[in-house]
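Here are the chains, one letter per residue:
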Amino acid sequence: MKFTLSWLREHLDTSASLAEICDAVTAIGLELESVDDRGAKLAPFVVGYVVEARKHPDADRLRVCIVDTGKEQVQVVCGAPNARTGMKGVFARAGLTIPGTGLQLKAGTIRGQASNGMLCSAREMGLSDEHDGIIDLPADAPVGEPFAKVLGLDDAVIDVAITPNRQDCLGVRGIARDLAAKGIGTLRPRRVEPVPGRFASPLSVRLDLPEGAANACPYFVGRLVRGVSNGPSPRWLQDRLVAIGLRPISALVDITNYLTFDVGRPLHVFDAAKVSGGIVVRLARAGETIATLNGKTYALAGSETVISDESGAAEGLGGVIGGEESGCTEATTDVFVEAALFDPIRTAQTGRTHQIISDARYRFERGLDPEAVVEGMEAATRMILELCGGEASELVVAGKVPEWRRSFRLRKDRAATLGGVDVPPAEQQRILETLGFAVADRGEAFEVAPPSWRSDIHGEADLVEEVGRIWGFDRIEVVAMPRASALPAPALTPAQRRVRDARRALAGLGLVEAVTFSFMQKSVAALFGGTNPALELLNPISSDLDFMRPTIVPNLLLAARRNADRGLGDCALCEVGPQFADDTPSGQSMMATGLRSGSASPRSWGARQRDVDALDAKGDALALLQALGAPVENLQATRDAPAWYHPGRSGCLRLGAKVIATFGELNPRILAALDIRMPAVAFEVALDAVPQPKAKAGRARPLLRLATLQPVERDFAFLVESGVEAEKLVRAIRGTAKEIAAQASILSVSVFDVYEGKGLPEGRKSIAVAVRLQPVERTLTDAEIDAIGQRIVAAAAKATGATLRA
Amino acid sequence: MTDDIAALVADARTRIAAAHDGAALEALRVEWLGKKGRITELMKTLGAIQADQRKARGAALNAAKDEVAALVEARGATLAEAELDARLARERIDVTLPPRPLPDGRVHPISQTIDELTAIFGEMGFSVAEGPDIEDDWHNFTALNIPPEHPSRQMMDTFYLRSAGEDGAPPKVLRTHTSPVQIRTMKGVKPPIRVIIPGRTYRSDHDATHSPNFHQVEGLVIDKAIHMGHLKGCLQEFCRAYFEVGDLPLRFRPSHFPFTEPSAEVDIGCSRAGGELRLGNHGDWLEILGCGMVHPRVIANCGLDPDEWQGFAFGMGIERITMLKYGIPDLRPFYEADLRWLRHYGFMPLDVPSMTGGLAR
Chain G
735 MKFTLSWLRE
745 HLDTSASLAE
755 ICDAVTAIGL
765 ELESVDDRGA
775 KLAPFVVGYV
785 VEARKHPDAD
795 RLRVCIVDTG
805 KEQVQVVCGA
815 PNARTGMKGV
825 FARAGLTIPG
835 TGLQLKAGTI
845 RGQASNGMLC
855 SAREMGLSDE
865 HDGIIDLPAD
875 APVGEPFAKV
885 LGLDDAVIDV
895 AITPNRQDCL
905 GVRGIARDLA
915 AKGIGTLRPR
925 RVEPVPGRFA
935 SPLSVRLDLP
945 EGAANACPYF
955 VGRLVRGVSN
965 GPSPRWLQDR
975 LVAIGLRPIS
985 ALVDITNYLT
995 FDVGRPLHVF
1005 DAAKVSGGIV
1015 VRLARAGETI
1025 ATLNGKTYAL
1035 AGSETVISDE
1045 SGAAEGLGGV
1055 IGGEESGCTE
1065 ATTDVFVEAA
1075 LFDPIRTAQT
1085 GRTHQIISDA
1095 RYRFERGLDP
1105 EAVVEGMEAA
1115 TRMILELCGG
1125 EASELVVAGK
1135 VPEWRRSFRL
1145 RKDRAATLGG
1155 VDVPPAEQQR
1165 ILETLGFAVA
1175 DRGEAFEVAP
1185 PSWRSDIHGE
1195 ADLVEEVGRI
1205 WGFDRIEVVA
1215 MPRASALPAP
1225 ALTPAQRRVR
1235 DARRALAGLG
1245 LVEAVTFSFM
1255 QKSVAALFGG
1265 TNPALELLNP
1275 ISSDLDFMRP
1285 TIVPNLLLAA
1295 RRNADRGLGD
1305 CALCEVGPQF
1315 ADDTPSGQSM
1325 MATGLRSGSA
1335 SPRSWGARQR
1345 DVDALDAKGD
1355 ALALLQALGA
1365 PVENLQATRD
1375 APAWYHPGRS
1385 GCLRLGAKVI
1395 ATFGELNPRI
1405 LAALDIRMPA
1415 VAFEVALDAV
1425 PQPKAKAGRA
1435 RPLLRLATLQ
1445 PVERDFAFLV
1455 ESGVEAEKLV
1465 RAIRGTAKEI
1475 AAQASILSVS
1485 VFDVYEGKGL
1495 PEGRKSIAVA
1505 VRLQPVERTL
1515 TDAEIDAIGQ
1525 RIVAAAAKAT
1535 GATLRA
Chain W
312 MTDDIAALVA
322 DARTRIAAAH
332 DGAALEALRV
342 EWLGKKGRIT
352 ELMKTLGAIQ
362 ADQRKARGAA
372 LNAAKDEVAA
382 LVEARGATLA
392 EAELDARLAR
402 ERIDVTLPPR
412 PLPDGRVHPI
422 SQTIDELTAI
432 FGEMGFSVAE
442 GPDIEDDWHN
452 FTALNIPPEH
462 PSRQMMDTFY
472 LRSAGEDGAP
482 PKVLRTHTSP
492 VQIRTMKGVK
502 PPIRVIIPGR
512 TYRSDHDATH
522 SPNFHQVEGL
532 VIDKAIHMGH
542 LKGCLQEFCR
552 AYFEVGDLPL
562 RFRPSHFPFT
572 EPSAEVDIGC
582 SRAGGELRLG
592 NHGDWLEILG
602 CGMVHPRVIA
612 NCGLDPDEWQ
622 GFAFGMGIER
632 ITMLKYGIPD
642 LRPFYEADLR
652 WLRHYGFMPL
662 DVPSMTGGLA
672 R
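So the protein lines, in turn, are chains G and W.
Per the working numbering, residue 735 is the first one in the first sequence, and the count goes up by one each step.
Per the working numbering, residue 312 is the first one in the second sequence, and the count goes up by one each step.
Just so you know, the hints here were simulated from the structure itself, not pulled from any lab data.
Subject to a maximum C-alpha distance of 30 Å in a straight line, what follows is the list of computed DSS-like cross-link-like pairs (lysine-lysine): (1) K501(W) - K1146(G); (2) K347(W) - K376(W); (3) K1146(G) - K535(W); (4) K501(W) - K1428(G); (5) K498(W) - K1428(G); (6) K1462(G) - K1472(G); (7) K1352(G) - K1428(G); (8) K366(W) - K355(W).
Generate the whole structure from the sequences, applying the supplied hints.
Below you can see the structure in the form of structure tokens.
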């Protein structure tokens, strides 16, 4: 919402400076977007009187001028053809920077004649492209005064952002009223005297709205003004419109635009000659078309409010835009003026459906002052009669002003107890009354009735805001948050803490945390099981971001590919974030997902190069689970990872039946589909599935009993079928714990070598296992250790068919 | 000591001193002190010596034996020392070589900021609340006093899912703000409430300063006597702690949000002199967040009595405050997983923000 300072001053009697006004605008909640103080930039350039202009002795086209600047007489050499004795021009003294050229003016001599300044052209002042001569100021321009003042260019343009609730400030008068309440001057009284009608309007107005849609246009006021002449509007009006970025069109149109911004009252003018019979307000017929003033044609859906005439032709979209057909032109002699109320919701829908943005729509969809319809009409009539002549008919009215009166209680202490501002009741009353509210003192509380233009006020909290924002949010006292106890309780739940810990644990494992979008390309999601149609976006920002991610793996894979394209093929990326199985809250799960690609570690003199493999991913998953306090010793690996993994080189980690994590090499088919040409492994840990530690009575750990006897370690080289899984062998060995419990406990069973190939029978492999035993009561004899070893071998044989390697 | 013994010792002294390695020294020890060594052999002759001389000669031989043993030991020590010196001189590696690679991960700046927010607000008694990213129309809009067709609903640039709502219900949306979690929290727990809600949010806007998927943090306090003064106090504490500028000025400007009344936007002090943004009391202002007192209708929509309960809410962009604090110029790379960016702007895993240890180092 743009306006000029002089425009504001027409409504607001104030001596405040531009800076004070701008500060106040921000302080009362009308966000200042920008100020263009053209006058300030031009202030050093003053009216100069050319005392004498004579021909330069050594140059035919130059003149030597003596300029009276109000302070002194200065000699200037000037090349303008219109420089002449007795004129008044714009004088720039040496040292100033010329706005139009950006050059600094220097004193000097031109062909032997001193020149200590310049007489400026409009282009040099940045006002236009005019450069044929210097600016010729009126003879009565006061010498020495800034020329901008003389030309009316000292009018600053102020642009404010109006929040959607404040339609009343979409007119300069509303802003002036708010500023007056803030104490920046007083609102000038405005009284629009009704124009007496000289004749009955030949055009009638009829609301033809179906049941249930009567609010599409509850009130319509029309009037015919005949015998007008519609030429260009006067200079002051054009200047104002141009200053706020509007294009002057013709007096009639400019008047409606002016009132739209002056008092926030959109109007429409029809060329009465092109309206047959009278105005009918109705809903559109589906498929009906209308050509509008923006040069476009729209096919209507049927929900739009249409202004038509008795012939049925659509003449405009109510509250949005007028029709081309009945628009006013220079030839218009009889004009029909429309001032109406349109339903905000329907107006917004129409505007949105057809993507029409207009100053009228902007106001109507925010709700207009229902009491200002007739006043707007009278103001328009007065301007038309003044600028275009003619005579006005009586008003034609259809419908009635909807009921808007209401009142609310405002307890006198609520400004303090809700708004944090201790405003004396008398001041609360003054503020509200200056804003146009009717305030009645009811003892503990006020009874406050908002004015017709404040449709945004719906209760006590709104009134507190009114009082608070005018009193000043800067006067809200800073109060420390009260504490329920000296020490706060933990901010994170155990599950939230786990998410935080997961990120740092993975970073500790060397993975770099990424944050990628929650949506991805539908076709990629489908490769990863994402086929639930409920997860497709109806209005994606682009076709490669149209599906909620079923897993984070593809995002990391594509990130790895992008990094590889930049020469960083060895990626270790992770993301801890949501994935989506369906569109319900329970379909969203928190995952810690990681991806390694390329080599397992950077090239180094001290480490053998190898590609990442499935067990790297398993190691990451296990280390993460360990860091989170999961019972990793109870995890079982199974071979049923999802299809995006390599079927032979992947697995799930389960606690009982529940899958806690998946890991493995990515399926080569997936890699090919995503054009990834390097080895890649991934893991996915379902953080919600990891069991929380049992809520115990305390945090005490079990007592540590340190063994005094030396532990014993024995190695076993087993020969098993190639298909036998190491975990099965290890579990079998652990299974002997009960049998040997009287003599020793098993501290650890670790696989330290796996070999398959030369020297071994076809189809068999060797698994070497170290078993560490802790004697329980006394040091074991060799015979006792051998006996335990035999039990271990027997258990391994029973479970896996393993034999000791010869 | 008799002359022959003295000569023996003298001979040993000379030869031991000349021994140049452990083997030669050992041979000398055997030659003098071994089972058939020269001193040992003389010891064996003691029996044949007259008793009156035997004692003196025996003592002399023992002394000679001890002396030679000491000489051997001393020489041995010298040789060992020299050998060690030689080994140390020999054993030399290139210490300028890089070590074997160690894990070198990073935490994303968004995660770091969320941890900082948690540390600060946790100190003020807030806990962290969460809710789903896929929301229904009621939680995301209606309950927050944003009726259908309200202009501000269009301002939100909402993403809709294809899921057909049941019985003609509007389609599910990707939450446009973290505010629906306010509703879920108020419906789920009994006041007093003091929560922050960091999380993913979505708006269909994609340019240099907008991402379709971004992060917000929401704050919600519901109690009986909380007013805008507390809101100001809370946000002042937060901004000064987070940006680590002790006298950072805050400016509250009246504004409008459907879910708060009164509503305010908050600016922090800054300077833009020389094209460089500096936070502090420098006279210029930078908008940072929106806030206000929770609208009575929102409180009522959650089944609470707005005559009994009131409080404040605020919301801000996590990426925005991260960029401001850590001088990150562009928004887009936050989501691009470019390793160069992540390594440069990311945080070390043990750099855990806390109010006791400090937020950032």
